[in-house]
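Undergrad: Spelled out, the chains give:
There are 2 protein chains.
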Amino acid sequence: MSLGNLSINLATVRQQFTIPQAVDACLAQGITGIAPWRDQVHATGLKEAAAIIRSNNLRVTGLCRGGMFPAADKAGLAAAIDDNRRAIDEAVELGADCLVLVVGGMPTGSRDLPAARQQVADGLATILPYARVHRMPLAIEPLHPMYAADRACINTLEQALDICDLLGDGIGVAIDVYHVWWDPKLYEQIARAGAGKRILAHHICDWLVPTRDLLLDRGMMGDGVIDLKAIRAAIEKTGYRGPQEVEIFSQENWWKRPGEEVIATCAERYLGCCLP
Amino acid sequence: MSLGNLSINLATVRQQFTIPQAVDACLAQGITGIAPWRDQVHATGLKEAAAIIRSNNLRVTGLCRGGMFPAADKAGLAAAIDDNRRAIDEAVELGADCLVLVVGGMPTGSRDLPAARQQVADGLATILPYARVHRMPLAIEPLHPMYAADRACINTLEQALDICDLLGDGIGVAIDVYHVWWDPKLYEQIARAGAGKRILAHHICDWLVPTRDLLLDRGMMGDGVIDLKAIRAAIEKTGYRGPQEVEIFSQENWWKRPGEEVIATCAERYLGCCLP
Numbered sequence: 535m536s537l538g539n540l541s542i543n544l545a546t547v548r549q550q551f552t553i554p555q556a557v558d559a560c561l562a563q564g565i566t567g568i569a570p571w572r573d574q575v576h577a578t579g580l581k582e583a584a585a586i587i588r589s590n591n592l593r594v595t596g597l598c599r600g601g602m603f604p605a606a607d608k609a610g611l612a613a614a615i616d617d618n619r620r621a622i623d624e625a626v627e628l629g630a631d632c633l634v635l636v637v638g639g640m641p642t643g644s645r646d647l648p649a650a651r652q653q654v655a656d657g658l659a660t661i662l663p664y665a666r667v668h669r670m671p672l673a674i675e676p677l678h679p680m681y682a683a684d685r686a687c688i689n690t691l692e693q694a695l696d697i698c699d700l701l702g703d704g705i706g707v708a709i710d711v712y713h714v715w716w717d718p719k720l721y722e723q724i725a726r727a728g729a730g731k732r733i734l735a736h737h738i739c740d741w742l743v744p745t746r747d748l749l750l751d752r753g754m755m756g757d758g759v760i761d762l763k764a765i766r767a768a769i770e771k772t773g774y775r776g777p778q779e780v781e782i783f784s785q786e787n788w789w790k791r792p793g794e795e796v797i798a799t800c801a802e803r804y805l806g807c808c809l810p
Numbered sequence: 535m536s537l538g539n540l541s542i543n544l545a546t547v548r549q550q551f552t553i554p555q556a557v558d559a560c561l562a563q564g565i566t567g568i569a570p571w572r573d574q575v576h577a578t579g580l581k582e583a584a585a586i587i588r589s590n591n592l593r594v595t596g597l598c599r600g601g602m603f604p605a606a607d608k609a610g611l612a613a614a615i616d617d618n619r620r621a622i623d624e625a626v627e628l629g630a631d632c633l634v635l636v637v638g639g640m641p642t643g644s645r646d647l648p649a650a651r652q653q654v655a656d657g658l659a660t661i662l663p664y665a666r667v668h669r670m671p672l673a674i675e676p677l678h679p680m681y682a683a684d685r686a687c688i689n690t691l692e693q694a695l696d697i698c699d700l701l702g703d704g705i706g707v708a709i710d711v712y713h714v715w716w717d718p719k720l721y722e723q724i725a726r727a728g729a730g731k732r733i734l735a736h737h738i739c740d741w742l743v744p745t746r747d748l749l750l751d752r753g754m755m756g757d758g759v760i761d762l763k764a765i766r767a768a769i770e771k772t773g774y775r776g777p778q779e780v781e782i783f784s785q786e787n788w789w790k791r792p793g794e795e796v797i798a799t800c801a802e803r804y805l806g807c808c809l810p
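In order, the protein sequences belong to chains B and V.
Adding 534 to a residue's 1-based position in the first sequence gives its number in the working numbering.
Adding 534 to a residue's 1-based position in the second sequence gives its number in the working numbering.
For the record, the hints were derived by calculation from the structure and aren't laboratory data.
Among the hints, erroneous ones may be present.
Pairs count within a copy or across copies, as identical chains cannot be separated in the list.
Below 30 Å or equal to it, Euclidean Cα-Cα: the simulated DSSO-like pairs (lysine-lysine) are [as the list claims (entries may be wrong)]:
1. Lys608 x Lys763
2. Lys771 x Lys731
3. Lys790 x Lys763
4. Lys719 x Lys608
5. Lys731 x Lys763
6. Lys731 x Lys719
7. Lys719 x Lys763
8. Lys771 x Lys719
All chains, please: the whole structure from these sequences, using the hints.
TA: Okay, here's the thing in structure tokens:
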């Protein structure tokens, strides 16, 4: 068993490390995959971040994140489209496998979820040609239903894949176990995603019982109730063999520990809890 | 507009009122529907609670709750079945419209969600004949996916209705907007539930942004982002005309206010926010 197919989403150590520090800590563990967030890239500088990635021969399993389409007015929508084009440019510069999209919730004051979903579909259709020209796959990340109001109104794999089927090539899904593990149709929709070559990323962490915060209480693999091996087996059964990317937001636990310890724990748990 | 089709789930005032106190406060507002929880019934005494209900000509829109089937061993499963039979007896004694079922999550230590779901389906099949004999409809309440691990592994209307279709007559769904409002298939599944005469209850409250606690931060109708009128319109379009039942768990807000104020606010918001 090796760590060759493990990636660290740098949100996991965002309180501890800049990108250069995180890269050093990953390499010290033998981990050569990372997924940065745009604010982290901007803090380091896009060219500097790209140089670090190239010189260390790192795989960038995704850039987080584009999306956030719904807006209260046309100016807001246009700004979102512009920002997504910049995100595509940055993902290209970093050589990322995909641009991960958190599509956005309802504009403030709205109760019209179907309208927000239509804005998302329209926004995706608008940026997709640009992404195709630049050969940057767009990965819709369905988010857990508890984020439907304020973060992402695409909430199941089935819903995301229905949109992909409408839009055609160049777009797929990021399957984050935290968001989809509960879904009665999970295995059916993983098979569908794989058959359509729509799986662009596989994110891992765990669901804690109890979960004390809706956003910032994700667990380390093995500390919760998600059947990580079964989900990975289903994903691999479709032919997908890409990396597993650890993404943990944990205000009261992992964000408070030394970054080296966090990354070492990711490696240990990956080997122990995540390989079928 | 009248309050004739409004019911108060007594969890909404569980920190303030016993059943007799809650009934008095509801009647003072002109509200004649209630839905008690079993612990509240036991505190008052089953016969006394039934007498209060009959003498005041109240409609009991549901008894909360049966369910909680999955267990780690056969003794646990058998105990759950026994308890559900007692819950059916109590619902009959109270003249409830239905027994609401929160079906249970995974047994402690388990990561096998499909197995828990099978235990639920088996448990429902086991108690259904008893419920039929006693003419007590069983209402599966699909719970929000954030409760899949520890409270209910039936998490969408589609999943609940699939189980109903397998089991036949005498079982349906309680549609609680808090649990289902996010679902991309909501309106399609409401139509399906109505067509199959499966709608047994309609619970209302609101989803707050931000939501500060996974369990105890539900909002009063109108304070959140759920399109209550649209959902009610869809439910009525199927022919269902039953009560709307307010169920709010709110540790930091509504549970701290005087019960009379809470019930008066329920009435006001029902008239203003919930009628299509």
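Undergrad: It remains to establish, for every hint, whether it holds in the given structure.
TA: Going down the list of hints, with the structure as the test:
1. Lys608 x Lys763: between (44 Å within a copy, 27 Å between copies)
2. Lys771 x Lys731: For lysine 771 and lysine 731, the Cα distance is within 30 Å only inside one copy (12 Å; across copies 40 Å).
3. Lys790 x Lys763: within (27 Å within a copy, 44 Å between copies)
4. Lys719 x Lys608: between (36 Å within a copy, 28 Å between copies)
5. Lys731 x Lys763: within (21 Å within a copy, 40 Å between copies)
6. Lys731 x Lys719: both (18 Å within a copy, 24 Å between copies)
7. Lys719 x Lys763: both (17 Å within a copy, 29 Å between copies)
8. Lys771 x Lys719: both (16 Å within a copy, 28 Å between copies)
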